[in-house]
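Asks: Dock chain one against chain two, each of which comes alone in its own frame, and use the hints as you go.
For the record, the sequence lines run as chains A and B. For the record, in the first sequence the residue sitting at position 18 is 18 according to my numbering, with numbers rising by one throughout. For the record, in the second sequence the residue sitting at position 137 is 137 according to my numbering, with numbers rising by one throughout.
There's no promise every hint is true.
[Claimed, not checked] Pulled a few chain B residues facing chain A out of the computed Cβ check, cut under 10 Å:
no., residue
1, Tyr222
2, Ile349
3, Thr439
4, Arg503
5, Ser507
6, Leu515
7, Ala518
[Stated by the list, open to error] Far from chain A by the CB rule (all over 12 Å, computed), these chain B residues:
no., residue
8, Glu85
9, Thr92
10, Glu103
11, Phe170
12, Lys203
13, Ser224
14, Ile232
15, Ala239
16, Glu246
17, Ser254
18, Asn278
19, Asp402
20, Lys457
21, Asp510
For the record, the hints were derived by calculation from the structure and aren't laboratory data. Quick caveat, the model's predicted, so the values are computed rather than measured. All C-beta atoms, glycine included, are put in the ideal place defined by N, C-alpha and C.
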Amino acid sequence: MSTPDLNLARRHSRDVGRITQSFGGVPLSRREALRKSVYGSAGLLLTEPFSVRAAQDPLAPQKVAMNSGPAKSVIQIWLWGGPCHIDTFDPKPEAGREYTGALDGTLETNVSGMRIGQLLPGLAKEADKYSLIRSMTHGNNGHETAAYLVQTGRTSERDVFPGSGAVVSYFKGYDAGYEGLIPPYIVLTEPQGRFSEAGFLGPRYKPFATGGNPASPVFAVEGIVTPDISEEQQKERRTLMQQLNTLGGALPGHSALKTVVDSEEQAYELILGDAGKLFDLSQEKDEMRDRYGRTTFGQSCLMARRLVEKGVPYITINYKGWDTHKQHFQIMNRKLPELDQGLAALIGDLSGRGLLDSTVVWCTGEFGRTPKVATESPWNGGRHHFGKAFSCLLAGGGFQGGQVVGATNSTGEEVAERPVYPADVIGSIYGQLGIPADASLPHPQGTPTHVVPDEAEGVPMGGLLKELV
Amino acid sequence: MKVLATLILGLVLLVSPGSAAPSLYEAGPMTVSDGEAADASERIDQLVLSKLTEVGLKPAPVCSDEVFLRRVYLVTIGTLPREDEVRDFLATEDEVKRTLVVEHLLDRPEFADYWSMKWGDLLRIKAEFPIKLWPNAVQAYHHWVHDGIRTNKPYHEFAREILIGSGSNFRQGEVNFYRAMQDRTPRGIASTVALTLMGERTKNWPERKLEAMAGFFSHVAYKSTSEWKEEIVYFDPTADQEKLYERAIFPDGSPVELEPSQRDPRAVFADWLIRPENPYFSKAISNRIWSWLMGRGIVEEPDDMGPHNPPSNPELLAFLETEFNDSRCDVKHLFRIILNSQTFQLSSIPIQNSEEAAAHFAHYPLRRMEAEVLIDALNEITGTKEDYSSPIPEPFTFVPDDIRGIALADGSITSSFLELFGRPPRDTGFESERARNVTAAQRLHLLNSSHIRKKIKVCPLVTWGAGVCLEEQPEMIEKIYLHLLSRYPTEDERLVTAEYFERTGASSRDLAADLVWALMNQPEFYFIH
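Here chain B stands alone, though its shape is the one from the complex (with noise of 0.2 Å):
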């Protein structure tokens, strides 16, 4: 046995590709020039390092390619690359093939899946209890936030489209908005406009500011038609008895003089609003963009600014909202200039484990998969699908079984294995509705159970390894890191996985689907890292 296991490493050897990184996981220093013809990314580096120096912290140094390319496909679309995707990226010299790769992601079709599947938390679309938009409404919600965000739609015309839509539910995707809340008085509109357009919680305002926003919110009305569950949400002019409009002022406090008999107030607000000038509207999407990249906002939680919770690096969140303010709002540029920079690319071993290197963002957070994007890499890698249903039997919805779990529109439509690893249960809009912990009911669920052990049973990866000759094991021990882990083995972890051969006498079929529940198991599979 111990000559086999010389043979298997032996032959690793030969197939591993020439390493050239000095770690498995870092690539070398973070290196930020002090020119003055920075680019933007290399001006986000700029201000973090000046901040992380101002503070004495250093940077990590900067990732891998292996872990850029998990990361900033997980991060990007939710989606782990595929084995090619891997090997022609690690092989490829390219001195800009990590932009190109970003590039490449902003196009793909995943993206707008993903994309949808966030906003699809922050704007509550789910047919049941307790918003309760129907399975119709559903699906023209999303399709209009899907096709916006396929589109690359302007943000300020998202933002209005949402403020100023009027019509069916069930034709006018965005009317839903103003549906998809559990309080649907003036001032609860209010309060849901702020949390989700300009990132604060009015339980921060003093009461006369919401009652001031509220105004622009007192003519919305909702009227049913002869459809089964369609609902008109519509201006009417005479709505406002407790005549809100005339107290209304804008958040930041400047005045207005509304007229509802000459025009909707959601479209004054709206003007107000998304105005590069306006102190909320792009401050507020920035720092929302930076946390869903970075793993944590500037101004932390992303979805509670204002003056009692100010930004880390405030320079660095103006500069943002400078950025997007000039691209016009531009979504993908923000992405672009974020996913460039080495800030992002930092790797995930912290050089000082502390809570403040985590806020002025010295290395990568460390973070589980989402419920959805763990669930689609188990079945990819398996080979396999999952049964979705509402728990609500009627009406029926069918849902195909070869959806992916980012695409799934419906937060109705859930599986328990989604519950399990924290779905949101888009009630309220906030992000915290998502949980990202780890839980023990977790580690038991994909260390032990059924679900898990069936899908392993068929993974092609096992089947295929079932039939492989003692050569091909080094083969199929790569194939099984590049597919589960994105990267090659390391010579350890040949030499530990042929020992296991060894010590066990597992068949070979044993020895695949064993490494592929080992890997599955790992923190570096089912963290963002």
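So here's chain A without its partners, still in its complex pose (with noise of 0.2 Å):
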């Protein structure tokens, strides 16, 4: 061999090295992206499409070469605070008043045999779009350890896991070629903080929350929708501060000023352009935006099909109240035809313009509630935390609807047969996107760490949902 080869090699093996040393051995993007961050890419949510793309980086290859599922988005609807199972998706008409407060009756759907609570008519008219999972179980009973359960499936003590939102955008944002303006991963609309969102993939895959309320008149989006400025007034302010742009005036080319360029084109992309105008649900016929319902919720539901239109992998919708020790029955007559109307709507609806099949929808919160009602005071008919048991439900994405998975007791207190947990759900649905069980996560430390826990991990599995593809 001649001496250049010899070099050649010797070069090309230091590289390698350097590829596979540490930062915990991890030779994955965090650490690479971060290293080039200093003017890189490192970015949080929007800047991948014009800088430094991991799709090109020689250290993300696997994440690339991705299969392709029948799901391209999932829509996560976040009952936040724990909504009741045998009020909603698991009604218990026999175990009495005791159990059932005044919701003592059921409602007949369009699958035989598969009944739903009282107040959700509208849900009872889609069974066959959906399943439901009545054997959900973790056990946990804080709001902030169960939630972060249920959205990463995993019970690390040590680690902080990105939550399924995270790993979708890992996977399927702009790593694996999304180009979209809009970041992968969307929030609806305000975010939940660190317990459903990135953990150690770090801030870049973090969601990107709207603020803002999309049932008023202006759903004033944060950063991108400005009611009290005028485009008029947008386009002049850029000008004024284009054009006191000293610095990069005596900086031609530069690179750190060529990210700003980028970065500030697709912000304003979004604020003046037509990605923006994706937010403006005025572009909706009234009739559409009556039909999920003028609330929050409802609206949020539409803005999220919206998005699924567009391509974007991603979307939670947060939607609160449901932490009801108090009151129970008055919140639960409140708010569950908003659910019921909303959740409808958009399960119809996608199915209406044959996106269903190609999105995931699952609605559940990180626990249920005690089945028996608590009357004495001060709750005066409340219902408690409950990780025992709870239910949830999942549609579209190639996921089969009109099927019921487990059950529980006849008091809904015990899971009674094929208990699922958290890493169960969120893993059918990683696999309905085409993302292995056992693609890798850049574990901070170096640990082998796959997206659905391994045996070892110690992390209880009832197994995947096969019984719904």
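Replies: This is the structure:
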């Protein structure tokens, strides 16, 4: 072998050495992205289409080489606070008033034998399009920990795992060829904080929370829609800003400023361009808006459908107000019709547009609520946290509709058959998206970690939802 | 309207200070004496310049006073100079005024806040997941660090106290070093010590080297007390079941006989580490300090040292190491000689915009302000405050609303702004955890978020600007420039602003608000340059 070849080989092997070295031995993109980030790409949200793209990153090929599954997008409806399972998707009319309270009726759905709570007539007409998991369980009764469990599928105390939205953003977002200006992971409208977010994947995979209220006359999406500044003013101010960029003028072609210019163009494309118009719900017909209900939740569902149409891979609707220790039944009488209208409209509309087959919709909270009504003072008819058994609605994206998975006992207090843990649901959704169970996550200590926990991890699982695929 | 603009321009010229500088950003060429009597800063310049010459590169010119003042404030204390400080500095004719500013800054209280923040990143000062120090321990740890920086504790003492600490996490702040790591096994501790104090990543080491170092940390033990979340870190002579200590060797290969029954092996390690001839210790911190001030290490990244990653200028690194040792590990001495060098004071406008020029410090790099520094600057300018909170609801941690971002002790206490602008999670202690890039989401935030709009609305420059008459407008523009960009506006900038006023028919208030907004969104504002 000639000397130049040897040198080449040596240089090559050193490069390989560099690539595989450290940051906990993780040759994956967070560290790499951070390393580049002096002026580069470790971006949050929308930087990637124009800057260093991980798709071109030799360290990230495994993420790009994903299978494609039937699902392209996910809409997660998060009933924040913990909705009562027996008042919604797992009614127990035979358990008696001690359990049912005033809500002692049920509704027959369009799937024979599949009954749901009496306040969900809209959903009763769409039951062939979704399935119900009635045997969800994890056993934790604390909001934060349970939210973490349900959104990450993990139990780890030591590491902060990413929620499913961040994982999908990691595998289906800018690193995997997504090029939309709208960030790949959107939260309507308020974020929950880190228990549902990026975890060790880092800030690049955090969601973009819209803020604002889609049910108000103008949906003031944070940073994008500013009702008090006219388009004309925006343009004038932009001109002023550009004219005053004296340092930029002194640094023509500087790479740091190139990133700034690109980022700014993307930002203005959202503020002034067509991309931002996506959030203008007045472009929808009145009848369509009415169909979803003119509530924050209903219009969030409509907004989610618009985002799905644009190919956004993951949308979370954080729907507050389900933590009903007191006045449970009054609140259910108010909220369940709202949920029913929005969710039924969403499923029906997606289906009508041919989008349901490529869109997973899942709806659950961090836990259920105590099936036995707390009648004593000070609760006077409330329900408490219940992590032992709860329900999850799952539709679209290749999952079968009209099925019921698992069951609770006669009072809804125990899982009677086919326990389903959070990791089962999340892992099954990943599967529909074409993210295989053994796809690797970049664990900060270099511990081999897969999107679906291995047996060795000790995370309880009941098995992926093969019965729905 | 034309008349008005002309009138404004006319006034502009009257209030403009005489500018002797050849340009807004640059003062003149780098001048390096080759004399023997060079002081340490000149020696740095000689070493940088000779390297540049060797590789066929030219240094950028030395920066202007305006650029210097802003840069040295942001780099040394993470704080913008006030309007009066800018005016005074630019007006002073004193030849050594740059040196005087450096001295002033090294004594400012913000110095300790800012550098405690930096050390907080490296030492992982954080109450919650996954470091889980607990809020009381965070306060003790941060206090210990802050105190050491405030009193300029010699760095070898700082390191030694960290290494040999024993006691309660609530009372002996430094013992939290041994708690602030995800892996508390002897190997995990050794790995953290190597990263923190030796600037090396043990993933680059042969396994036996890590194991040999682990032997020094195989007697660290932890126990709880009856106090809620109190934990005692202590030396337990019986702890080493694996008998790792029998195989202990110093990382440089020199042998050692440990007798845990006689002496805590951590102390043996500390004695070895902090000696001036130690091949890791002073080199690592000198390189770190250089990278903090210069935006890039002589070995880059500064916590990835080792034979696989040679320094770009070994003579320069060796010189800094010697200076550091000779000053008995005086951190401020190293700051002083670097900040006073022309190398630190080079313009950010490169002659050659190449990776090589950057690696050899031919110009000063552009870096976006850190998240905390940026929010502090925005708050200071707009007279507003920030809500910081921990995402963990209990126990509630009270944070006074006038606390500055750089003074936050706990990495778990945060805001969405800090997250957006790349504050590190403090999970690993790597310098690269802190993101300093610019993203579209950040641009969107500064350009158009309600957070920033609300700040500008109540900004004193704007409320005051609302009441100024036409004749006072040039003064208003000047004031806004001094506050935001730490310099006077150029004639072009005054002209552009006057034209904007004329074109849009903005009220005086709107003009002030729009100008504050436009300057806040300049790279010249959010980059350290």
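Asks: It remains to establish, for every hint, whether it holds in the given structure.
Replies: These are the hints, each one checked on the structure:
no.	hint	result
1	Tyr222	violated (15 Å)
2	Ile349	holds (5 Å)
3	Thr439	holds (4 Å)
4	Arg503	holds (7 Å)
5	Ser507	violated (12 Å)
6	Leu515	holds (8 Å)
7	Ala518	holds (4 Å)
8	Glu85	holds (21 Å)
9	Thr92	holds (24 Å)
10	Glu103	holds (28 Å)
11	Phe170	holds (22 Å)
12	Lys203	violated (3 Å)
13	Ser224	holds (16 Å)
14	Ile232	holds (21 Å)
15	Ala239	holds (21 Å)
16	Glu246	holds (27 Å)
17	Ser254	holds (25 Å)
18	Asn278	holds (22 Å)
19	Asp402	holds (24 Å)
20	Lys457	violated (10 Å)
21	Asp510	violated (9 Å)
Hint compliance for this structure: hints 1, 5, 12, 20, 21 are broken, all remaining hints hold.
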